[in-house]
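Chains as they are written, first to last, in the numbering used here: chain A, 6 to 303; chain B, 8 to 336; chain C, 20 to 344.
None of these hints come from the bench; they were simulated from the model.
A hint or two may mislead.
[Claimed, not checked] Straight-line alpha carbon distances no greater than 35 Å define the calculated DSBU-like cross-link-like pairs of lysine-lysine that follow:
(1) Lys285/C <-> Lys251/B
(2) Lys144/C <-> Lys194/C
(3) Lys26/C <-> Lys199/A
(4) Lys194/C <-> Lys199/A
(5) Lys199/A <-> Lys222/C
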Amino acid sequence: MSNSSTSSRSALSQQWQEFWFYYSTNKTAVAGLIFLFAVVFMAIFADIISPHEPAEQYRQFAKLPPAWMDGGQMQFFLGTDYAGRDMWSRIIHGSRLSLIAGSIVVILSLSIGVLLGLISGYIGGWLEALIMRVMDTIMAVPGLLLALVLVAVLGPGLLNAMIAIAITYTPSFVRLTRASTLAEMNRDYVVASKMTGASPIRLMFVSILPNCMAPIIVQGTLSFSTAILDTAALGFLGMGAQAPTPEWGTLIAENRDLILNAPWTVTFPGIAILLAVLAINLVGDGLRDALDPKLKRS
Amino acid sequence: MALLEIANLTVDFATATGSLRAVDGIDLEIDEGEIVAIVGESGSGKSVGMLALMGLLPWTSTVSADRMFFDGQDLLRMNNRERRKIIGKDISMIFQEPMTSLNPCLTVGYQITEVLSHHFGGKRRNYNDRAIELLKQVGIAAAESRLNSYPHQLSGGMCQRVMIAMMIACQPKLLIADEPTTALDVTIQAQILDLLIELQKIHRMALILITHDMSVVAETAERVVVLYAGQQVEQQNVRELFNKPRHPYSEALLNALPERAQGNLLNAIPGVVPGQTDRPQGCLFSPRCSYVKEICIQESPIAKDEILCHFPLKPSKSNKSIAIDMGSQ
Amino acid sequence: MPQLLIKATDLHKHYGIKSGYLQASKKLKALAGVGFDLFEGQTLAVVGESGCGKSTLARLLTMVEKPTSGQLIVDGVDITKAQTNTTKKQLRKTVQMVFQDPFGSLNPRQKIGHILQEPLVINTKLNSLERRQKVLEIMDIVGLRSEHFQRYPHMFSGGQRQRVAIARALILKPKIVVLDEPVSALDVSIQAQVINLLIELQKEFGLAYIFISHDLSVVQHIADKILVMYLGKPVEQGPIDVIFNDPKHPYTQALLSATPSTNINKKRKRIKLTGEMPSPINPPTGCAFNPRCQHAHNSCKVSEPIMQTYGNSQVACLALNEKRI
Numbered sequence: 006m007s008n009s010s011t012s013s014r015s016a017l018s019q020q021w022q023e024f025w026f027y028y029s030t031n032k033t034a035v036a037g038l039i040f041l042f043a044v045v046f047m048a049i050f051a052d053i054i055s056p057h058e059p060a061e062q063y064r065q066f067a068k069l070p071p072a073w074m075d076g077g078q079m080q081f082f083l084g085t086d087y088a089g090r091d092m093w094s095r096i097i098h099g100s101r102l103s104l105i106a107g108s109i110v111v112i113l114s115l116s117i118g119v120l121l122g123l124i125s126g127y128i129g130g131w132l133e134a135l136i137m138r139v140m141d142t143i144m145a146v147p148g149l150l151l152a153l154v155l156v157a158v159l160g161p162g163l164l165n166a167m168i169a170i171a172i173t174y175t176p177s178f179v180r181l182t183r184a185s186t187l188a189e190m191n192r193d194y195v196v197a198s199k200m201t202g203a204s205p206i207r208l209m210f211v212s213i214l215p216n217c218m219a220p221i222i223v224q225g226t227l228s229f230s231t232a233i234l235d236t237a238a239l240g241f242l243g244m245g246a247q248a249p250t251p252e253w254g255t256l257i258a259e260n261r262d263l264i265l266n267a268p269w270t271v272t273f274p275g276i277a278i279l280l281a282v283l284a285i286n287l288v289g290d291g292l293r294d295a296l297d298p299k300l301k302r303s
Numbered sequence: 008m009a010l011l012e013i014a015n016l017t018v019d020f021a022t023a024t025g026s027l028r029a030v031d032g033i034d035l036e037i038d039e040g041e042i043v044a045i046v047g048e049s050g051s052g053k054s055v056g057m058l059a060l061m062g063l064l065p066w067t068s069t070v071s072a073d074r075m076f077f078d079g080q081d082l083l084r085m086n087n088r089e090r091r092k093i094i095g096k097d098i099s100m101i102f103q104e105p106m107t108s109l110n111p112c113l114t115v116g117y118q119i120t121e122v123l124s125h126h127f128g129g130k131r132r133n134y135n136d137r138a139i140e141l142l143k144q145v146g147i148a149a150a151e152s153r154l155n156s157y158p159h160q161l162s163g164g165m166c167q168r169v170m171i172a173m174m175i176a177c178q179p180k181l182l183i184a185d186e187p188t189t190a191l192d193v194t195i196q197a198q199i200l201d202l203l204i205e206l207q208k209i210h211r212m213a214l215i216l217i218t219h220d221m222s223v224v225a226e227t228a229e230r231v232v233v234l235y236a237g238q239q240v241e242q243q244n245v246r247e248l249f250n251k252p253r254h255p256y257s258e259a260l261l262n263a264l265p266e267r268a269q270g271n272l273l274n275a276i277p278g279v280v281p282g283q284t285d286r287p288q289g290c291l292f293s294p295r296c297s298y299v300k301e302i303c304i305q306e307s308p309i310a311k312d313e314i315l316c317h318f319p320l321k322p323s324k325s326n327k328s329i330a331i332d333m334g335s336q
Numbered sequence: 020m021p022q023l024l025i026k027a028t029d030l031h032k033h034y035g036i037k038s039g040y041l042q043a044s045k046k047l048k049a050l051a052g053v054g055f056d057l058f059e060g061q062t063l064a065v066v067g068e069s070g071c072g073k074s075t076l077a078r079l080l081t082m083v084e085k086p087t088s089g090q091l092i093v094d095g096v097d098i099t100k101a102q103t104n105t106t107k108k109q110l111r112k113t114v115q116m117v118f119q120d121p122f123g124s125l126n127p128r129q130k131i132g133h134i135l136q137e138p139l140v141i142n143t144k145l146n147s148l149e150r151r152q153k154v155l156e157i158m159d160i161v162g163l164r165s166e167h168f169q170r171y172p173h174m175f176s177g178g179q180r181q182r183v184a185i186a187r188a189l190i191l192k193p194k195i196v197v198l199d200e201p202v203s204a205l206d207v208s209i210q211a212q213v214i215n216l217l218i219e220l221q222k223e224f225g226l227a228y229i230f231i232s233h234d235l236s237v238v239q240h241i242a243d244k245i246l247v248m249y250l251g252k253p254v255e256q257g258p259i260d261v262i263f264n265d266p267k268h269p270y271t272q273a274l275l276s277a278t279p280s281t282n283i284n285k286k287r288k289r290i291k292l293t294g295e296m297p298s299p300i301n302p303p304t305g306c307a308f309n310p311r312c313q314h315a316h317n318s319c320k321v322s323e324p325i326m327q328t329y330g331n332s333q334v335a336c337l338a339l340n341e342k343r344i
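Pulled out of the complex, with its shape left as it was, chain A reads as follows (with noise of 0.2 Å):
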């Protein structure tokens, strides 16, 4: 019995050997990935890091540039903003909520556009002409315009931000889905569940979908780093999180009047967005090479 697991473990432990090996080869990817933790071990330590609290005003140090700047303190190392705000503690924290953001808009999009996708490649039809029509709708509006249609709809705020722009990137999902489960769904260890009575939701899910996962994992990634992008967007348009939630787009929609006066309280969110957004494109593009059978060496 033993025996067995213990071969378990190593074929599993191959696996992710064998994946690292070409994931390691992409150095920027390795880089984003690094990057990646570094950020998400600050949302989630976020209270202990910050200096400061994110919401404490300190009304004489108001609009205070960065430590090394004239002027500038320690204290609050990348400076405050017009209410006298810490800078560093809020993007801390800001982290956690453009990551809750990603990952909620990714969940939602990916759950139901494969569900979607996966229904409408195998059981074709009508079914699949009226969802494909919906997803070309969706697709036809300009994604921030709809999200900002649906905000208006539900009222501003992250959680409704984050169910629009979800709504908007299903239909990418959904395409890939379909298009990998028309592929496989004729394939002989299809038919070969098939002809040992295996019904249609044990075909969809258990057979196919494990087949589809590798361009999903990787749409699923570059959609997260779009996500945090849109939030940031809808934020800074006042559609989003609102004030004085420390989300990126937010702060930098707050602080929009001090760009001559005080630019490092829009710089530094901006910033945050920028590299955040790079490190999970890099990682997306290390998986989508890792993950693709065609780019493997032997």
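Since the structure of chain A is already known, use the hints to place chains B and C on it.
The following block gives chains B and C in isolation, referenced to the frame of chain A:
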């Protein structure tokens, strides 16, 4: 001087799990107009060896040889530009899957005239007549209209004929056919093999036929090279090989065929071809050989008379072969 | 007295092919009039080239599709009539299939143990321990080791994967196994191993095989009866020795003569076939083989031949009927 001289050709691949020796010391000499078959199963390195000759292997490969000469030119030390002048013109290769060997976006006529204009210069249009002539030569009916067909409009057999037409367009001195009929039906296979032999006779081409099908070898080749796990284990003329195979693997391979079964069960060879991780220390065939001795497991054999075996077989009067040189055992 | 397991009579399978928006759909006759009997412990070989309909026949026999017309009685049940769920379940256990491609017939994301347990999960009420026990038993029978239970398909060679496919086909204890070119993708030495395994399994379990292949040397060794097909129609069928020693239909003769042999000392008389198999959407009028047949006559272009009995075998050939050959 031989047309093709290969001595000790070795190909290594860098893989995720270490280095893999796909070809281990192949020697081959071919004269003008000869037909040689290279026989082996998967993992024998038969395709890789010839792809190395053509310079068609991926960047992860390392090709080395003592000699690799074609028509007096050193293929090993040639740069890519000089090689491109020879490939497709003096040495050509046709592949196993005819449907995927042709570019699906280009017409048949384009692909044939492209070969001609690349090697002989001038505009492709000028070679249309020659293309039609070639299509007729390979037995395609209504050749003029076929010039404008796309590969997906043709059947497997016809695609293979187009492939052959492309490859003989420049009248090569050597044609390498890598499993040209494996993907085709048996009656089409017979037609394609007949075509190859006929063209070979007309153009005095040397033909290297790579296959795993022993019966195709029996009917087509003059000389046979048998490969096992990247090594060359036997080289004989075809009659000798089929009547009196001298390497245990060749004998076992022939005996495993359904035609040679005596009784209900076939004479299967136990075990599998060694892969990357389970290469035996001594003779690579020793785990599966029915004549195995102690020395076979310990030491790698050295080739004697083109047979890579410690104890090459010599046939007795009866059908069964016995081993000579029993040694100290 | 061996049991009659399959009785197929005049099976037809047509597909509708749409050819343009405004044109009526054309009919693709994939199977046109196939009939045979299969008894317990027997092997019927179905031989023909691509496009002859053997894969369609496999799909009908494994009940993936229903015949357009004709009768198909499997283990006493007429499957052309509507069936209850319980009968369908029973039939599924009776007929199983082994596919051609050892690489594509196993789910790359599932471990071997999982793949082999799936038929039991779907069709039986055994618990996890009992299932595991059954899987290990069948793995032992086909020559796999118990540690293979936890491995993924890509860790195996082609021959081993085919053994897994055979194990999967046998785990529900079927009476009939349809084998669609089971050894074509394997090396010669591995082919021999797998064929031996199939022969031994047949003897031990009394299985009936439908062996679809284009490799006539393998067929000659393993089959009892043979059915030769051309463009969806049966052209000759009968006991294996009769067909191989004395083929009567021109296509069978050409097929046998086109198959190369390793007997280097014997010169073969080759019957050269010109042209290629026509498309099943536009079959020739009359006998489907007439454009390529050296004995074709005017009558061959007009009327379709029907199967007639000649001694021990059945042949569909007008030239034979009219005593021209």
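Each hint, compared with the structure:
no., hint, in the structure
1, Lys285/C <-> Lys251/B, "holds (16 Å)"
2, Lys144/C <-> Lys194/C, "holds (21 Å)"
3, Lys26/C <-> Lys199/A, "holds (24 Å)"
4, Lys194/C <-> Lys199/A, "holds (18 Å)"
5, Lys199/A <-> Lys222/C, "holds (28 Å)"
In summary, this structure violates none of the numbered hints.
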